[in-house]
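Residue numbers (this note's numbering), protein chains in the order written: chain A, 109 to 615; chain B, 112 to 479.
Hints are supplied without guarantee of correctness; some may be wrong.
Claimed, not checked - So, partial list: chain A residues that the calculated Cβ filter (under 7 Å) puts toward chain B:
| id | residue |
| --- | --- |
| 1 | L410 |
| 2 | A430 |
| 3 | R463 |
| 4 | D466 |
| 5 | L476 |
| 6 | F492 |
Derived from the structure by calculation, the hints contain no laboratory data.
Please read these numbers as outputs of a predicted model, since none were measured by experiment.
We put the beta carbon where it would ideally sit given N, CA and C, even for glycine.
Here is what each chain is made of, one letter per residue.
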Amino acid sequence: MLEMRGICKSYGSVRANRGIDLDVPAGRIVGLLGENGSGKSTLMKVLFGIVAADAGTIVFNGKAFAAHSPRAAIAAGLGMIHQHFTLVDAMTVTENVMLGWDHAGYWLRPREIAGLIETTSRTYGLEIEPGSIVGDLPHGQRQRVEIVKAILRGAELLILDEPTSNLSPPEIRGLFNVMRRLREQGRGIIFISHKLDEVLEICDDIVVLRDGEVTGRRAASGATKSDLARMMVGRDVTAAIDKAERTPGGAILNVVKLSHRDEKGMDRLHEISFSLRAGEILAVAGVDGNGQSDLADVLAGLRVATDGGVDLNGLDITHVSAAERLAAGLSYIPVDRATTSLVPAMSVADNLALREFDRAPFSRRGWLHRDAFQARAAQRIGEFGIRAAGPDAPARTLSGGNQQKIVVAREIGRRPKVLIAFQPTWGLDPGATRFVIDQLMALRDAGGAILYLSSSLDEVLVLGDRIAVMYRGRLSRPVPRAAADTTEIGLMMAGTRTKSDVGGQSA
Amino acid sequence: MTTAERNTGDSKSGSPAAMLDHTVRLLTASDGLRTFLLACAAIGLALAVTGLLILVAGKNPIAAYWALIKGVTGTTGRFAFALNKSTPYILAGVGVALCFRAKVINIGAEGQIAVGAIAATWIALNMLALPPVLQVTLALAAGATGGAAWSALAAIIRLKRGVHEVLCTLLLNFVGVLLVSEALHGRMGEAGAGFPQSPLLERSAWLPNLLPDTDLHIGIVFAILAVIGGYILLWRTTFGFRLRVMGASPKAANYAGIAAPRCMLGVMTLAGALAGFAGSIEVLGVHYRLIEGFSAGFGFNAVAVALIASINPIAVFPAGLFFGFLEAGALAMQREVGVPSSLVFVIQGLTMVFVLCAIGIGARAQRV
Numbered sequence: 109m110l111e112m113r114g115i116c117k118s119y120g121s122v123r124a125n126r127g128i129d130l131d132v133p134a135g136r137i138v139g140l141l142g143e144n145g146s147g148k149s150t151l152m153k154v155l156f157g158i159v160a161a162d163a164g165t166i167v168f169n170g171k172a173f174a175a176h177s178p179r180a181a182i183a184a185g186l187g188m189i190h191q192h193f194t195l196v197d198a199m200t201v202t203e204n205v206m207l208g209w210d211h212a213g214y215w216l217r218p219r220e221i222a223g224l225i226e227t228t229s230r231t232y233g234l235e236i237e238p239g240s241i242v243g244d245l246p247h248g249q250r251q252r253v254e255i256v257k258a259i260l261r262g263a264e265l266l267i268l269d270e271p272t273s274n275l276s277p278p279e280i281r282g283l284f285n286v287m288r289r290l291r292e293q294g295r296g297i298i299f300i301s302h303k304l305d306e307v308l309e310i311c312d313d314i315v316v317l318r319d320g321e322v323t324g325r326r327a328a329s330g331a332t333k334s335d336l337a338r339m340m341v342g343r344d345v346t347a348a349i350d351k352a353e354r355t356p357g358g359a360i361l362n363v364v365k366l367s368h369r370d371e372k373g374m375d376r377l378h379e380i381s382f383s384l385r386a387g388e389i390l391a392v393a394g395v396d397g398n399g400q401s402d403l404a405d406v407l408a409g410l411r412v413a414t415d416g417g418v419d420l421n422g423l424d425i426t427h428v429s430a431a432e433r434l435a436a437g438l439s440y441i442p443v444d445r446a447t448t449s450l451v452p453a454m455s456v457a458d459n460l461a462l463r464e465f466d467r468a469p470f471s472r473r474g475w476l477h478r479d480a481f482q483a484r485a486a487q488r489i490g491e492f493g494i495r496a497a498g499p500d501a502p503a504r505t506l507s508g509g510n511q512q513k514i515v516v517a518r519e520i521g522r523r524p525k526v527l528i529a530f531q532p533t534w535g536l537d538p539g540a541t542r543f544v545i546d547q548l549m550a551l552r553d554a555g556g557a558i559l560y561l562s563s564s565l566d567e568v569l570v571l572g573d574r575i576a577v578m579y580r581g582r583l584s585r586p587v588p589r590a591a592a593d594t595t596e597i598g599l600m601m602a603g604t605r606t607k608s609d610v611g612g613q614s615a
Numbered sequence: 112m113t114t115a116e117r118n119t120g121d122s123k124s125g126s127p128a129a130m131l132d133h134t135v136r137l138l139t140a141s142d143g144l145r146t147f148l149l150a151c152a153a154i155g156l157a158l159a160v161t162g163l164l165i166l167v168a169g170k171n172p173i174a175a176y177w178a179l180i181k182g183v184t185g186t187t188g189r190f191a192f193a194l195n196k197s198t199p200y201i202l203a204g205v206g207v208a209l210c211f212r213a214k215v216i217n218i219g220a221e222g223q224i225a226v227g228a229i230a231a232t233w234i235a236l237n238m239l240a241l242p243p244v245l246q247v248t249l250a251l252a253a254g255a256t257g258g259a260a261w262s263a264l265a266a267i268i269r270l271k272r273g274v275h276e277v278l279c280t281l282l283l284n285f286v287g288v289l290l291v292s293e294a295l296h297g298r299m300g301e302a303g304a305g306f307p308q309s310p311l312l313e314r315s316a317w318l319p320n321l322l323p324d325t326d327l328h329i330g331i332v333f334a335i336l337a338v339i340g341g342y343i344l345l346w347r348t349t350f351g352f353r354l355r356v357m358g359a360s361p362k363a364a365n366y367a368g369i370a371a372p373r374c375m376l377g378v379m380t381l382a383g384a385l386a387g388f389a390g391s392i393e394v395l396g397v398h399y400r401l402i403e404g405f406s407a408g409f410g411f412n413a414v415a416v417a418l419i420a421s422i423n424p425i426a427v428f429p430a431g432l433f434f435g436f437l438e439a440g441a442l443a444m445q446r447e448v449g450v451p452s453s454l455v456f457v458i459q460g461l462t463m464v465f466v467l468c469a470i471g472i473g474a475r476a477q478r479v
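Just chain B, with the same shape it has in the complex (with noise of 0.2 Å):
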């Protein structure tokens, strides 16, 4: 081997491919508690950030948060909607986290989440013949192989033609979310409707729910499963073992004899799986049925929850729940002190940019 062959690979930048790149690769070198302290500090940081903006329009940042946090736990009716709102930020969060690990830049949740809902939407709609439990297995089943065949799909393009998983992803995601326009204005829309969207599916495929009262549907226990299974998957089998090698070092798995194509396409699929069922618990469990726009950047809210989660699908978990919360909190607190709701969407996205540049500094002050 060269000098030049061994200096490859280190110095990329620029493209903002490679930059994602780039910041996935120090978050796999960083290690558990440190990045968790990190984690929390930037969110200290950034709801500290976001409180001198609400004080800036002169509102009590104190109050607000209060009555943030009120709006999430002040009733068990409140709770149960915080927890369905995460729901499918840690279902896709952790498929995009396992992606992450392999180095394979997975962004195509969005699109996943969409053609899943789809899948899920038909069989809830045409398999009225069979019983509730089939009817929503079956449904669930349809959104999870929907979403993975969307996303088996940019993985064989990136290893069959050579396109950037990256770009891919990405562009199948505006194809998927345009799949559901396509069939909301078709055959699977609701005749008479001034909106795009399905009819209202038959009680019997709705998701069971978790707490008589509430909105809670059994979804958050699907989420914590998916956590789980993330989690043994990764350290426990030899399918996780060839994700971190992969991820780690690409030379390294070839080495070490791993197939790096099977690899990609496997989480690939696994990950669009994961998106897919959540996008078919949004269409089961939230709406009932399937209505255009459903899906608010779940898919990329996805990204930034594993990202914040340092990409380990454990703290999908608790990343994805902080996600969800601040959104199912913000407008209690648009209500109670006037701060207008959209006010969540900078802590997510300071949150996430804190996360980032604290994994920056530490990895340079490890690199000297």
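Chain A extracted, bound-state conformation (with noise of 0.2 Å):
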């Protein structure tokens, strides 16, 4: 169905796409597997039509594509589903389909799409309701809006981007069902991910990248774990973490009834109370949105508690602003290293400092010592490793991972008593997750105490000590790792009530 054949592309002295030849045949799902940064997104934009190749021919159906603008690959049959929706909010399911979709024409006849929304989602299992506004739907509806855009505009070869980053496993296992179905149909899928168990579940072939080129291909039935990770970082990396078990120390950080109402105000927490101890791992699982940036915004003193109180080694902190906090022992690594935990046109020292700028050693009656800054960063990029032109180097100019580097050295470098983590691994290459891991790890055995946010139930499961769900701003009773059940959690995370009430309170 589908042929690439020596595609290159490079953008300046960057080499994006080496040579690389890609077939998907007629009802085959096909795995593109590697590290950020690897080719992928390159070469589906090429694909796409997005941008151009510079050299290489792609042929689909039997037609050539040369110079294709994306209008004219989805005329062709090409439909991508990307990793951030193109959906209007605002609007139904039928006027999303519609938008910007020519079969709609001039008058608009919704009930007719309705109709066709109704027949193609009930071919596919995608169980959705054409009226219904997208902006109230969960992330996997919406996913599957897409879905049914792209086959209603008669999409042959299906290219989703990391489908599943932001689904719960329930969700996850919806969407497999859909791909198998769309399969069966005789549509061509490739299917973009890092995550290695998923692409052995789902795919028919896999295709793993590496530094912009195709460094292995196997057929999912033959091909193992250690394998495919092994082809796409170069060296073994799924060595089993070592997890030693502690007896954890008495409880350092106590969180009674916290509540947070938003500036619209919605209810965003919904009296959590748990208590974290010292040298242990509080990992909580949960869907994103539901709740869990609130809670470490609160805990971290950037949003404000509306209720409730937090107390940190016998401080009250519940109204103590974000330095103070900070100097009392709580660290955090927020999820978004873009925006919020990084200054990408910053230098790398001046990063190194960003929470604690205002105090000795860096600066004293409002005047900035930059020698602090560059001994602070000289001493912290050996220490982490961090590999940066310099200290004076821009953040942006660093990898994602060295990035985030430096955000784990600024905020674990000072050995917290506290430390909350969100996603501290989203959008890492395995290697660098692997980094960031160990270093959680070498602070619980120290003594500090972690609550672990996540939308990853694997990392949940892995890293915590006692585990919790999050959903919709309520937490769950934490429970030691020997005694979860993975289903259940799963379950948790999806919104299904079980035994355990989801809305039961403190540890």
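Since each chain comes alone in its own frame, lean on the hints to assemble the complex.
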């Protein structure tokens, strides 16, 4: 169905694709596996006509593509589901499907289109309601709206770019069922991911990319995780995380009935209570948008608690500023490097001092001590192996993994009593992920208490000494890892209540 | 944080305020040397295009530019005049650049200059009993305070009522300029003069001269101090660090424990003080009285100067000189070659357009 031959694409001196071949037969799911920056996205942009290749040919259904536009790609039968959806939240499903679709005509026929959506939805088990407002739908449902859009536009080959990244385990299973139906109907699928388990589960063929080159092709039936991981990063990274059982110390962070209402008057956190002990990791699973960012921000002092209390080591910090919490030994790694935890335009040295610049040794009486900035930067760059051109290099010139090392070095380097880590491995490749995890484990073993928030159930299960689930602003009762039931946690993440009530309180 | 939240903040466009915002963000992200070369190229291009216009008008562009240069450097007096012309641009430009650094889009220098000038004039007219040094010092201080207050007013409206600073600074410009007319038609005006102006100030309230036999007053010294001070403030103080983080990312500023409202009020007040100071220098050093319309768009040109300088306080100095010198040489060009002096405004405008284009193209190249 699709044959890509010798695709090359360079951005300046960066060779994003170097002679990549990719075949997708009809009725098969091809997994495109690779770390961040391995060239997956570039290859798909070339295919979809968003960027033009420097060299190489694309033949789709017997027709050659050259210097085509995304519009032509869609017309020829390609459908791309981006990681960030291209939907209008305020519109209904039907209106979103009609949007920008020539077939919808000049006179809108919403009822007819709604009928089409229902038929398609039934055929592929999508279960979407044409009349619902997209903004009200959960993430997994919106993805299905994108899929129905692509199918109705005649997509024979669907490209799914990291489709599982924001889904709960049951939603992922649902998506896989939909993908199987699509395959049965003879459509081809390219499944882009860096999650090995998922690729092995759903794909027929797997193509691994590294540094813009194909490093391996396997049939999914014959491939193993460690095999794929080695092809992906060029070395072994799947070595089990070394996790000694430890007896935690006394409670160091006590949270009692913490609630938060946002500026729009929405209740984001509802009476959250738990205590965190020295030398343990409390891992909280939950699908994005269930209040994790609010909990992390409220605890770190970036947002205000509307009710309840927080006590750090005997000190009431409920109404204390972010800076004072930091001084009291509370560090925070937020999820968003691009806008929150890092200032890309500023230097590595400035970023390493970002949260302490107005205290000694970085400044006194309003004057900065540049020497202290430089000394701290040199020290941290060495300790944490940050690969940068120097302390004065702008942070944006570093790779994602090294940017996160700056954040980790700043927040963990000061040996905090409590660390709040919100998806600290988000968007990192396996090597960098491993680095961050190792640093967290070292902090725990040194007696630090860590609240680890993540939407990845795997990470939560691997890291947590105790595990809890967040759903719609409520936190379930934390249970020891040994007692954790994966299926039940998955169901709780999806909001299906079970016998241990999700609304339950206090640890 | 949801993906939707992550996406916002990136894709604003449309309104003029948002476009200015976008430009400032591009400038904050660009680096020094490259921007300097781009600015030089933009100036060259602007001169070339204007040269074509002169050619079309049947004059010799080389002769015109030569006359312009001679008009500035021909004699010490002319050079002194050019420096005086540049002073308000540099002073107000530094303040605007600092605001833009913090992503505070203050375009209210025009009104701040006007209010500063009123305050300085009032002191100079009414404090005649003091020794001359004190009269001048007090008048300058009053000018700075007046400008600062006018700017702080805009900041407070922004912070308390949520009106975007582009709107409140812009609108307060009109009010400030009209206040000058109001004052001059009232008690501050010169009785019997056919024109809205204040009485001539006593010599004791005039700014001291730097060079004998020229008009050069000490304003340029203050301008240089402002440039150096702005640089030190931005790179060597915690306040400057706060401004830079705020400008680069409001979320990161919040995360770093920076109180953005206080910083905004601080930088606006500072910029207002510099603009008000520039206004009082015009009164005490150039006209020796308050005249209606004395600030022929100084405040708006200061915004252009800050943008051409890529909101870098040090670069404000050459950019301000460029604007001042063009205007100082314009009359000579008109006199000697017969090219209308308003052509320098074409050069100024084109330079700004080209600088902004170059920065935009550079940013696009960076993004890929």
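> Which numbered hints are broken by the structure, listed smallest first?
Replying inline: 6
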